[in-house]
Every structure is written in structure tokens, then in C-alpha cells.
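S.K.: Got chain C sorted already, so can you dock chain A onto it with the hints?
Residue strings, one per chain:
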Amino acid sequence: MGERADVWQGTLALMVLKTLQALGPLHGYGIARRIEQTSGDLLAVNYGTLYPALLKLEQEGYISSEWGTSDNNRKAKYYKLTRAGRKQLEREAREWEQTTEILARFLSPGKESA
Amino acid sequence: MNKLRAWLLRFGGLFRKQRRDRDFSAEMDSHLQMHIEDNLRAGMSPAEARRQALIKLGGIEQTKESVRDGRSLPILEMLLQDTRYGVRMLRKNPGFTAVVVLTLALGVGANAAIFSVVHAVLLKPLPYPESHRLVMVWEKVFLPNYQNDENNPSPGNFSDWKNQNTVFENIGAYRNRSFNLTGSGEPVRVEGEQVSASLFSVLQLNAAIGRVFTAEDDQPAGQHVVVMSDGLWKSRFGSDAQILGTTILLDGESYAVVGVMPPAFHFPDPDDQLWVPIALTPQDLANHGSHNLLVTARLKQLVTAAQAQGELNRIAQHLTELYPDTNTGVKANVVPLFEEIAGPVRPVLVTLFGAVGFVLLIVCANVASLLLGRASARHREIGIRIALGAGRTRILRQLLTESALLAVLGCVLGLVFARWGILALKLLSPPHIPRLDEIQVDASVFVFSLAISLLAGFIFGVLPALHAARGNVNDSLKEGTRESAGGARLRTRNLLVILETALGVVVVIGAGLLLRSFLILESVPLGFQPRGVLTFRVIPRGEKYSQLAGRTAFYQQAIKHIQALPGVKSAAAVSFIPLTNSRGSKGFSIEGRIPPSAGQIPMAGYDAVTPGYFASLQIPLRSGRDFSWQDTPQAQRVVIINEAMARTYWPGEDPLRKRIKLGTADDPYPWWTIAGVVGDIREFDVLTPPRPTMYLPISQADDSNYLLRDWVVRANGDAMNIASSIRAAMREVDPNLPVSRLRSLEQVRSISVAPQRFNLSLFGLFAALALLLAAVGIYGVMAYSVAQRTREIGIRVALGAQRGEVVRLLLGQGVGYAALGVILGVAGAFALTRLMTSLLYGVQPADPLTFVCVTLLLGCVALLACYFPARRAMRVDPIVALRSE
Chain C
1 MGERADVWQG
11 TLALMVLKTL
21 QALGPLHGYG
31 IARRIEQTSG
41 DLLAVNYGTL
51 YPALLKLEQE
61 GYISSEWGTS
71 DNNRKAKYYK
81 LTRAGRKQLE
91 REAREWEQTT
101 EILARFLSPG
111 KESA
Chain A
1001 MNKLRAWLLR
1011 FGGLFRKQRR
1021 DRDFSAEMDS
1031 HLQMHIEDNL
1041 RAGMSPAEAR
1051 RQALIKLGGI
1061 EQTKESVRDG
1071 RSLPILEMLL
1081 QDTRYGVRML
1091 RKNPGFTAVV
1101 VLTLALGVGA
1111 NAAIFSVVHA
1121 VLLKPLPYPE
1131 SHRLVMVWEK
1141 VFLPNYQNDE
1151 NNPSPGNFSD
1161 WKNQNTVFEN
1171 IGAYRNRSFN
1181 LTGSGEPVRV
1191 EGEQVSASLF
1201 SVLQLNAAIG
1211 RVFTAEDDQP
1221 AGQHVVVMSD
1231 GLWKSRFGSD
1241 AQILGTTILL
1251 DGESYAVVGV
1261 MPPAFHFPDP
1271 DDQLWVPIAL
1281 TPQDLANHGS
1291 HNLLVTARLK
1301 QLVTAAQAQG
1311 ELNRIAQHLT
1321 ELYPDTNTGV
1331 KANVVPLFEE
1341 IAGPVRPVLV
1351 TLFGAVGFVL
1361 LIVCANVASL
1371 LLGRASARHR
1381 EIGIRIALGA
1391 GRTRILRQLL
1401 TESALLAVLG
1411 CVLGLVFARW
1421 GILALKLLSP
1431 PHIPRLDEIQ
1441 VDASVFVFSL
1451 AISLLAGFIF
1461 GVLPALHAAR
1471 GNVNDSLKEG
1481 TRESAGGARL
1491 RTRNLLVILE
1501 TALGVVVVIG
1511 AGLLLRSFLI
1521 LESVPLGFQP
1531 RGVLTFRVIP
1541 RGEKYSQLAG
1551 RTAFYQQAIK
1561 HIQALPGVKS
1571 AAAVSFIPLT
1581 NSRGSKGFSI
1591 EGRIPPSAGQ
1601 IPMAGYDAVT
1611 PGYFASLQIP
1621 LRSGRDFSWQ
1631 DTPQAQRVVI
1641 INEAMARTYW
1651 PGEDPLRKRI
1661 KLGTADDPYP
1671 WWTIAGVVGD
1681 IREFDVLTPP
1691 RPTMYLPISQ
1701 ADDSNYLLRD
1711 WVVRANGDAM
1721 NIASSIRAAM
1731 REVDPNLPVS
1741 RLRSLEQVRS
1751 ISVAPQRFNL
1761 SLFGLFAALA
1771 LLLAAVGIYG
1781 VMAYSVAQRT
1791 REIGIRVALG
1801 AQRGEVVRLL
1811 LGQGVGYAAL
1821 GVILGVAGAF
1831 ALTRLMTSLL
1841 YGVQPADPLT
1851 FVCVTLLLGC
1861 VALLACYFPA
1871 RRAMRVDPIV
1881 ALRSE
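Sequence lines, in order, name chains C and A.
Everything in the first sequence is counted per our numbering, starting at 1 for the first residue and increasing by one.
Everything in the second sequence is counted per our numbering, starting at 1001 for the first residue and increasing by one.
Simulated from the structure, these hints should not be mistaken for lab results.
Computed from a predicted model, the values in this text were never measured in an experiment.
Do not rely on the hints blindly, as some may be mistaken.
[To be verified] Here are some chain C residues pointing at chain A (derived, C-beta under 7 Å):
id, residue
1, 29
2, 51
3, 59
4, 60
[Said to hold, decoys possible] Straight-line C-alpha distance at most 27 Å; calculated DSS-like pairs for lysine-lysine:
id, chain 1, residue 1, chain 2, residue 2
5, A, 1017, C, 77
6, C, 75, A, 1017
7, C, 80, A, 1003
8, A, 1056, C, 77
9, C, 87, A, 1003
10, C, 80, A, 1017
11, A, 1560, A, 1544
12, C, 75, A, 1056
13, A, 1003, C, 77
14, A, 1056, C, 18
15, A, 1003, C, 18
[As the list claims (entries may be wrong)] Anything over 12 Å on all C-beta distances counts as not near chain A; from chain C, calculated:
id, residue
16, 97
17, 102
18, 106
For each residue, glycine too, the CB sits at the ideal point set by N, CA and C.
Next comes chain C alone, as it looks inside the complex (with noise of 0.2 Å):
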């Protein structure tokens, strides 16, 4: 636990938001699946984080769910980005690249006198 979690909670809810916003409404599974794809299958997405990430980006505004029926005419709760959530995407998404670019900097020797 602690805050490694939190930063995988963090990259989660944005990897869930981005998803969402590439792909328009989709359900846990369908985002589950995407995200695995999306890393290649490097990144294996546990439900039992899924669920609970899905809920605290509900309760926080930047989606909203209702039933709705999948492609093979399965009912199924459908998540999709609101207003806030799309702010709240360009907001962490700008957040990331900045900190992967100052770990990045960090992780190359040699370019720091640049």
C-alpha cells in the first residue's frame, strides 16, 4: 500500500480517462481490455483496482455510467467521460509529461549541462 499505490491509482485513472476519451462510452471490461492492448499486454489490469478506480472517477464527476447494451446485445454499465473529466484528462496528462520528462531527464547521464 502506502504510495505506490497511489501512483498506480494515479496513472490508472488517467489510463482510464484517456481510454475513454479515444473511445467514447465503454464498459469495464471493453476498458480493461484496452488499456492491456494499449501496453502492449504489458500492463495486466486487475479488476479488483478496476472497480474501485471506475467509482472514486464517478464520485469525483469526471465520468458518468448507466446501462446500456454491447454490441452483442449484452446489457452492460457504460462509462463515459464528462466535462470535468475531459479537463481533468488535459490536466493530468500535461502533469505526466512533465514528470516523465524530469525522470527522464534524471535517467539520461551526460545532458544535464544542456
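M.R.: Here is chain A on its own, set in the frame of chain C:
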């Protein structure tokens, strides 16, 4: 923002849980199905597809649980659960719950009631805008023969302070004045004030209807105008909306009503009903010698009372140079109005507050002891819960939730008790507690009560809870084993006994000291005999009585009338009866003595009386004669002095036939010849020792300031028997003069010690409560200990111990703890009673008699509380005791 939204949603998640659970199950289900379908499409067998999907999904229940937690607030949910469980437990033991809640409610109720007084009197600002800027301004007199920090200012000094200061936004003067209100119904006497127009600006209050006084009203030549209280307007004038501009008759003169004050307004006294302009004349304003005003001022913004004090002292110094005769030794004393009102009662209230605090602590100790007792009954239940996986913190939390529940219940009932207490307090209306009408159970009292209840809940809950959570699971589960934590619990309970005995001793010693003081107070010789004397007030005011002759005729006629009534022994009138008012004193000169230097003039109190006054009160005449109606203005002016005056100014001499003059020897006033010496009496109150006092015969006292207000009638039997015939007799003499304050002098005496009686009663009540609780506590622990040791006692008896020895053993232990408590309590009382010195009279805070008596009392109570359980031990049948295992 979003976080807050999330929290609110989670809070909402506490409700409609099942629907949400179903919803999530459906979502999980659809998730699983989609996964299986995908797996099938990928070519797996149906069984394999399902297996893989389930593996990937992981523990569905854990996921559900985690989502469930995320959906609402698990801590709050647990609290709700604990509360529900707690409520169930408390309902299952109604007897236990009732005892605990009642005990708590007594403690909390007493505290809430006293706190509501403390809050209204000591904490809440006065009901005037920016009241912290209001101050009283007194003269501070320091002379060799007279010192007073709060001397009434003279009109001259008031006027000079007013004109020369730069520290006050405004300054107002007033003095008490009662009026005979006639016309429109029964004549009544109404208390009121003569006030300067500026007083209302000082208070920054306006009339509710109409207006307050203008500067024009407040002129000697101004119209007669009056402002009345809301209460008088309602009761006497039926809330007449057309009251403005009408006139009312006060002392036979008509006054135009210009305003009605708001309901809560009664400045400065609670019974004030009328305000008229004081209209000081230029002569008044130049008079620095008659000290008859009260002065209230409003400090300018950012000016402190100390700064105002400094400036007024500079002005006072200047005045001393200008008027050495009257202003020598006179400085100013600026006292914040709040302090003036709250200051005198602070020691009492703080002491009472301390006492109820102790009572609450004793309550806590008692309840803790009860909970410990119950914990032993519950140790199996708790053991099982621990064995089933409940965390110790969870158990602790559960038990503390139960304590908190008890605390909240106690608080609710306690607030009901507090309301009753406040009601009773208002009915008793102790004369020394100001702002009685503002005392109520308001939000702050509520918060305070809740806070102390929860604190108490924590105090009494934490020890038993820790004990319970620490218990050994194995031991408590083993059938038939004696519970092992019992010993530790008993030790804790013994500690509690010591503690509550000690606390009880402190409170009871406090009450004992107050009782001793009160008994001493009651036995102080008054110098007169109040029993059998009826007193009432009739003040002859109006045109008929503006001259001395008219007044004298009235007194003489009324006394004749009264003395003719059956059952009346003698009757007389006096300016003020003893034990009611504190009065100023006058400077006088003795014929033939060297004139004293400025500020050294002899001083004495003074009263005007009719003949027969001393006989009616049975004040002994030591030498000389009483006044008679033959002491007319044409005859030689005579005066009677008391023994204190004779002793002080004629030591070793016979004062009879010596002559004195009111004022300095050069003043153009007549000489008075001393015609008699009477015994000293307690004049202001029972506590103040007699001071030099002179009595003037009303028939010669031509200054209209010497008005007789109070009447005394000595009856043959009970004073109140003649009350109704007195009313009738006075109505015959003058139907326009209302009779008020008709009561026995014994009642007056009783009222004069009412503050002390009130303090004692309240403190005594708390002490009784403390004593009772301590006794119950000791009894409870002893009974518990005997029950625990039944087997041991059985064995002892079976092995041949004498029953007496067993009782002695048990008794010895219980009494030992109590004795330790008493010793600690006595030590504590030694340290604490010093704080109540200002409430004591004639007793030292460490009064040995009180300490010994209380120690004995507590000893007896402890012995009794231990004796009954111990006697039960004596009856233990060894066979039964041994078989019970």
C-alpha cells in the same frame, strides 16, 4: 471541490446499500459474460473459457468488498454498526442502562445548570452594544477615618468629570427613586431612576416606542416627562398603543409619557420600571459634598479603563486643590461595568462550578466502576468476539461507542434536569446573582453539556474498555474457569473507590465550611429583636407632604392609628430599616474641639426616626431618653447616638448633653444636643460590624432628604397576623399612598442572609450528591468483591475461620481503601478550601472542627457501605459456596 463532492456521495452511500450492491453484482456479471464470450471466440472450450475469466477477474468478493468500501465511508459505517449494536446491548440491560444514565444525568445536569449561570453572568457580554466599553465611575475615598473604593460621586464631581475628560464618548448619571403611582387603579409604589439624558446615549439604547430623553428634558425647567418599562406598560396600561403623550400621576404630579423601553431593558436594577430626567440644577452641579449619584460612562474607541482612570485621577487632583473641604482624599475609580456586575459573584460561581466538576468526576468514577463490573459479566462474549477475529482496536472502539451512547443519553436527560434546575433557581431568585433573566439553556450550554458528557463518557469508558480488550482469549473461553482479569479489574475498582472518596471528602468539607460560616452568621447578635416585628413601606410624597409640618403630622397620625389596632404593641417609622440598604455617612463637628484639618472631619452614619423606634425594635437605650413628639423645630434640637459613636468620639466621657453640628463648625447649621445613647445594631447586613451612627428625630429634621420610608410595628403575637389591618389603617390615613414591602422583620433578616443560604444550599446539595455517589460506589465495589470471593470465604469458613473474622477481613479491606481516600481528600481539601476564603465568615479554610467532622462522617458512610456486603459474606454457606463451581 471534486473531493468534497466525492465525500458527499460517499456519505450518501450509507443509504440504499442493497440496491447499489445488486447493481454492482450485475456489472460484475456482465463483465464476466463478456470475458467468457471473448474467450470462446478465442477458441477455448466453454469450461476453460469460464475458468480463465474467473481467474482473471480474481476474488469477486474482495472486489465487491473494496468497491463497497469505496462507495461509502467504512469508518462511519462501522460507527453506525457499533451504535446499533450498542443500542441493542443497552436495551438488553435496561436496569444497568437506567442506573448509569440517571447517575450521569445528575452529574451533567448539575454541571449544565451551573454552567448556564456561569455563562450568563461571567462569560456573556452585557446586553448593550459594544458593552465592553461601558464603565462605572466611582469616587475612591481614602481618608484616615473613611475609606471607600466605590463611593457615590457627588453631582459636582460628576459635572467636572463630564466637562473635563477626553476619554469618554459619553457619561451619564442616575440615582434610584421610587414613585407612588396613582390614578387608573390601586395606588402602587414603583421603583425607578432619575437619569441624565446622556445615560441612554452611554448605553446606546433607544425606546421601543416613542423616544428617550433629550437634553431639553434634562433641565431644571424642563417638562415632567417619563419613560416606562415594557413590563409596566403591559401590566398597568394594557399595552396601550396610544400611551405616548398621555400623562400619569407620580407622587401626585403629572408626567407626560414619551417612551416605552424594550422588554429586556431594566437599567440599572431588575425591578426598575420608570425613568425620569434627573434635571440637576446649577446648585447641584456645584455641590461636591453630597454623594448621591451613580455614574456610568462609555469609553471612546481604543481607550482602556486604565487610561480613563489615569485621566480622571489627574482631574480629581485638580479638584482636590479647588475644593479642599470636600475633595481631599477623593480620587476616581473606573471599573468596567461587566466587572462591577460579575466581579462580586465570581468567587461563588467559580467555587460552585468547581464543586459540580468534582461531582461529575465522582459520577465518572462510579460509572467506570459499574462498567468494570459489567465487563466481567461480558468477558466471555468479548472473548468469543476476539476469537472470531475482531481486532482489539475494534473491540475498544465498540466499547467506547457504548460509553459514548450512555454519555449522550445522560446528556439529554441531564439537560432536562438542568432546565428544572434553572427554573428552581429563578424561583428562588437569589438576590446576589445578577442577570437572572438571561440564564437559559442555550446553544453554548448545550455544546458544553455535550462536550462534558462525551469527555465523561471517554473517562469512564476507556479504563473498562482497555481491560476488556486486554483479556486473554483462552482464559475467557475455557468453560468454568474463573475469569482471570477479575483481579486486575478489582484493583482498578479499588482505585476508583479511593478516588471518589477523596473527591467526595473535598466537596463535603467545602459544604461543611459553608455550613459553619452560616451557623456563625445566624448567631451574630443583631442588636435588635426582629421577631414579632412587621415592617412595610409607605413614603409620604406629594404636595401635602412637601413641608416638615405636613410630614410630621402624617407620621404622628399614622402611628396613632396603628397603635390603636388590636395586637399592636408599638409602632414607629425610620428612613431605612436595618439589613436592607447600605447608606452613606455624614461629616460632623463636635462643639469645643479643635477644628480638624481637611479630610479629617469625624464621620457617622445617620437615620431619621420617629419616637418609639428603639422600643419597637427593642434596641436598648443605654442612657438618656428616647425622642418624643415634643421635640418640635421650636424646641432644643436633640440627637441620639449609638455606643460605637460614643466610644469613638467620646472615649471615657459622657456624651450626653454634648453638642454636635452636621458639617464643619463654621457652617451656618444648628447645633444638636445629644439626648441619648442606644445599643449598636447590625445596620447594612449581618456581616458588617456596627459603625458610629446618629439618629435624628423626624420632627426636627427639616431637610426633605430625611424622609421616613420604612415602618416597624411590634405585634403582641405573630407579626403577620396584623398585616391586613395595617393596610386598612394606612388607607384610612391617606388612600393615595401605596403600602409596599409588607413583611415581617424576620423575613427581612432571612433575605439579608439569602446569598449565604443559597450558596450553602447549593453546595450542600452537591455535597449530598457526592456523598451518596461515593457511598454507592463503595457499596458496589464491596458487594462485587464479596461475590467474587464467595468460594474463598466458603473455604475459609469450611477450614474453621470464625465468621466474625471473615467479616473483619472484608470490612478491613473496604474501610482501608476508604480511609486512604479520606486521607487524600483531606489533603486535597487543605489545598483547595483556601480558594473559597472569600465565601467564609468566622471560620478558617482549614477549620479543624469541620475537617474532623467530615472525616468522621465519611468514615461512618464508608463503614456502612462496606458493612452490608460484608454481612452477606458472613451468611455464606460453605457447602453452597464450594459447590457453586
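S.K.: Now tell me if each hint is right for this structure.
M.R.: Here is how each hint holds up against the structure:
no.	hint	result
1	29	holds (5 Å)
2	51	holds (5 Å)
3	59	holds (4 Å)
4	60	holds (4 Å)
5	A:1017 - C:77	holds (18 Å)
6	C:75 - A:1017	holds (22 Å)
7	C:80 - A:1003	holds (19 Å)
8	A:1056 - C:77	holds (19 Å)
9	C:87 - A:1003	holds (15 Å)
10	C:80 - A:1017	holds (24 Å)
11	A:1560 - A:1544	holds (19 Å)
12	C:75 - A:1056	holds (21 Å)
13	A:1003 - C:77	holds (24 Å)
14	A:1056 - C:18	holds (23 Å)
15	A:1003 - C:18	holds (21 Å)
16	97	holds (22 Å)
17	102	holds (26 Å)
18	106	holds (31 Å)
Going through the hint list in order, the structure satisfies each hint without exception.
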